[in-house]
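Please model the entire structure based on the sequences and the hints provided.
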Amino acid sequence: MMTPLPRRRFSARTQAALAVERLAAEASRRLGRGSGEMIGGKLALRIAPDALAEVGSNRLTACVSATNGKTTTTRLLARALGTLGPVKSNSGGANMAPGVLAALSKPPYDAAAALEVDEIWLPKVARAIEPRVVLLLNISRDQLDRSNETRRIAALWRELGADLRDTVVVANVDDPLVAWSAMTWSRQIWVSAGQNWTADAMVCPQCARLLHRNATGWWCECGLARPEPIVSVAGLGELMWFGRRIPAHIDLPGRVNLANAAMAAAAAREFGVDVEDALAAMRGIGDVQGRYQEVPLGPDGKLARLLLAKNPAGWVEMMELLNSAPPRPVLIDFNSQTADGRDPSWIWDVPFERLAGRQVLVTGGRKEDMSVRLAYAEVPHTVHADAEDAATAANDKALDVVANYTAFRDLLVRTTR
Amino acid sequence: MSRESATRIALIYPELLGTYGDGGNAIVLAQRLRWRGLRAEIVEVPAGEVVPADCDIYLLGGGEDEPQVLAADGMRRNRSLTRAVSGGAAVLAVCAGYQVIGASFPAGNGRVHEGVHLVDMETRRSFDPPDVPPPPRAVGDIVVEPDQRLGLPTLYGYENHGGRTRPLPGSRGIPLGTVRLGVGDGTPARTDGIVDGKVIGTYLHGPVLAQNPALADLLLTWVHGRLAPLDAPVEADMLRRARARALAGG
Ligand SMILES: [Zn+2]
Numbered sequence: 001m002m003t004p005l006p007r008r009r010f011s012a013r014t015q016a017a018l019a020v021e022r023l024a025a026e027a028s029r030r031l032g033r034g035s036g037e038m039i040g041g042k043l044a045l046r047i048a049p050d051a052l053a054e055v056g057s058n059r060l061t062a063c064v065s066a067t068n069g070k071t072t073t074t075r076l077l078a079r080a081l082g083t084l085g086p087v088k089s090n091s092g093g094a095n096m097a098p099g100v101l102a103a104l105s106k107p108p109y110d111a112a113a114a115l116e117v118d119e120i121w122l123p124k125v126a127r128a129i130e131p132r133v134v135l136l137l138n139i140s141r142d143q144l145d146r147s148n149e150t151r152r153i154a155a156l157w158r159e160l161g162a163d164l165r166d167t168v169v170v171a172n173v174d175d176p177l178v179a180w181s182a183m184t185w186s187r188q189i190w191v192s193a194g195q196n197w198t199a200d201a202m203v204c205p206q207c208a209r210l211l212h213r214n215a216t217g218w219w220c221e222c223g224l225a226r227p228e229p230i231v232s233v234a235g236l237g238e239l240m241w242f243g244r245r246i247p248a249h250i251d252l253p254g255r256v257n258l259a260n261a262a263m264a265a266a267a268a269r270e271f272g273v274d275v276e277d278a279l280a281a282m283r284g285i286g287d288v289q290g291r292y293q294e295v296p297l298g299p300d301g302k303l304a305r306l307l308l309a310k311n312p313a314g315w316v317e318m319m320e321l322l323n324s325a326p327p328r329p330v331l332i333d334f335n336s337q338t339a340d341g342r343d344p345s346w347i348w349d350v351p352f353e354r355l356a357g358r359q360v361l362v363t364g365g366r367k368e369d370m371s372v373r374l375a376y377a378e379v380p381h382t383v384h385a386d387a388e389d390a391a392t393a394a395n396d397k398a399l400d401v402v403a404n405y406t407a408f409r410d411l412l413v414r415t416t417r
Numbered sequence: 001m002s003r004e005s006a007t008r009i010a011l012i013y014p015e016l017l018g019t020y021g022d023g024g025n026a027i028v029l030a031q032r033l034r035w036r037g038l039r040a041e042i043v044e045v046p047a048g049e050v051v052p053a054d055c056d057i058y059l060l061g062g063g064e065d066e067p068q069v070l071a072a073d074g075m076r077r078n079r080s081l082t083r084a085v086s087g088g089a090a091v092l093a094v095c096a097g098y099q100v101i102g103a104s105f106p107a108g109n110g111r112v113h114e115g116v117h118l119v120d121m122e123t124r125r126s127f128d129p130p131d132v133p134p135p136p137r138a139v140g141d142i143v144v145e146p147d148q149r150l151g152l153p154t155l156y157g158y159e160n161h162g163g164r165t166r167p168l169p170g171s172r173g174i175p176l177g178t179v180r181l182g183v184g185d186g187t188p189a190r191t192d193g194i195v196d197g198k199v200i201g202t203y204l205h206g207p208v209l210a211q212n213p214a215l216a217d218l219l220l221t222w223v224h225g226r227l228a229p230l231d232a233p234v235e236a237d238m239l240r241r242a243r244a245r246a247l248a249g250g
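Residue numbers (my numbering), protein chains in the order written: chain A, 1 to 417; chain B, 1 to 250.
In case anyone wonders, no lab produced these hints; they're calculated from the structure. A couple of the hints might just be wrong.
[What the hints assert, rightly or not] Stretch by stretch, here's where chain B covers chain A in the computed footprint (C-beta under 8 Å, at least three residues):
hint : stretch
1    : 339-350
2    : 365-378
[Stated by the list, open to error] According to the in silico footprint, chain A covers these stretches of chain B (three or more CB under 8 Å from chain A):
hint : stretch
3    : 18-29
4    : 66-78
5    : 202-216
[To be verified] If you want a taste of the chain A side facing chain B, the calculated C-beta under 8 Å gives, among others:
hint : residue
6    : Arg141
7    : Glu149
8    : Met202
9    : Val203
From a predicted model like this one, the values you see are computed outputs, not experimental measurements. Note that CB positions come from ideal geometry on N, CA and C, so glycine has one too.
In structure tokens form, the structure reads like this:
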């Protein structure tokens, strides 16, 4: 199923761009400004706008896009593809064109690649590199003041699929926006990855009527309906896999991560990886960029498990994860900087009532907003100046910390340096 | 007017008009009644169903273009919201909901769509001549000084909309207030919102009643008569002080 790849010969312009990319990235790393992927990739694309197509096309690539779970799924997919040989990946989270270019621009140039791509950037990146497989997980509202129309993203993906003649799409049938966007592609692998959050997919993306739903599916009077999945999560630790039931265990917690693993395994199958080998390779990943990692926090070294929730859909997933274990204190670290979305009102869509019965501590730039939300949910809690102070007040030696984007990033820097 | 039965709070079409956390307004109203020992019931009206005419307060939130059109058509099909308002019910309509309760608003396709016409307001992308480019989307923190007649403290919120809204000639009602930070209606009068009888329209998300409990209590007294004072929650005072600090000089 794999065709031999042509030898790589880059244009002079692209070679120059790659040299600049390496220099800039190294300089930026030396100066301690992050991983340097962004700045190097940006410069390179300015010198050679076609560089992405040159280094990325005609090789074994897969792109992963979604509102939630793309980093984790990319990481799982990279592990699965790693059973075949070297794999490139933008594991630093730089998921726009420059970050993708940086990941692809180091030799060997025929290495496979698992690429996380921002939802809005996916059409540009995928048209350039023409990936073998694209994984589409979910679309929900996130950072509303950046891109406020979920349907617009689905429409962009739909157009993209019609253009990419040789790309297979692995798509989540439980998200109507995703399913609709995947229907134009030349071939689909339908996966039931679940949807905890339906509030952003109530209206038919095709005809704008209200969607009908029941326990197993969704459909519309216009004929749009949930496709029949060939892969689905059957329970905790089990998948329905092309007509058979198979055990499936990974180390990342929660049903949502098993669903991410199912999507990644379905994509890896397109590259010739057996599902058993794929799942085995995924085990051993205990954290993804610090998510699910346990770190010492505060002066008395409380053990804090770091969890990321940056929108209502993500919080509902976290709630399920928190409630699947004996209750520990939970610290909510909540910001509304630009990267988080400046509007914190989405926390009113989260059923915080479900936190009742455990110790709840609150901190972050918008701690007062979170505190009012919890007060109206009648969840007793305390408000703290910072996460370290809150950890000290936790009445257990281990706690869960749920942070949104910038709060998580800052916590990770403070606790792991 | 004290009552035995629960105050009924209708959340209209939350699937269509619930994109920006405005469902929180229902939670705030219900809790502020319960904390006073009164009964409250939140009635969610799913899209596609008839809006009941027997609720005390009706809430409409923000939403995207297509859902907004669906919502307006659904409410126009039966006139129960209009009947409820003439029967003394109160309305709080936010953002897309505010546009929907007006006479007309812009649909996504560039056309103008008919609203429910509870208030004499109209919304367009722009009221400037066609050769003037339409203004950018209004996105950010908003602070409004309410009309003195309402007896309310400063209103804090967040706005996220592409519309400009103005009263029709000879319209009834008064602006909710004067914009101190942000855009609001986006007209030269620098106002936001409308108060006409017991109907309030505004661009403030937040949710607006979570950040401004006095506005919540104003709505509740309209349908309930006098209410015992309620200091709770103290968290809301802390939030208002934090917003005032963060937005000072803005
Ligand atoms: Zn339809």
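Right, here's what the structure says about each hint:
no. : hint    : result
1   : 339-350 : holds (count 8)
2   : 365-378 : holds (count 10)
3   : 18-29   : holds (count 9)
4   : 66-78   : holds (count 4)
5   : 202-216 : holds (count 5)
6   : Arg141  : holds (7 Å)
7   : Glu149  : holds (6 Å)
8   : Met202  : holds (4 Å)
9   : Val203  : holds (6 Å)
Figure legend: structure checked against the earlier numbered hints; every hint is met.
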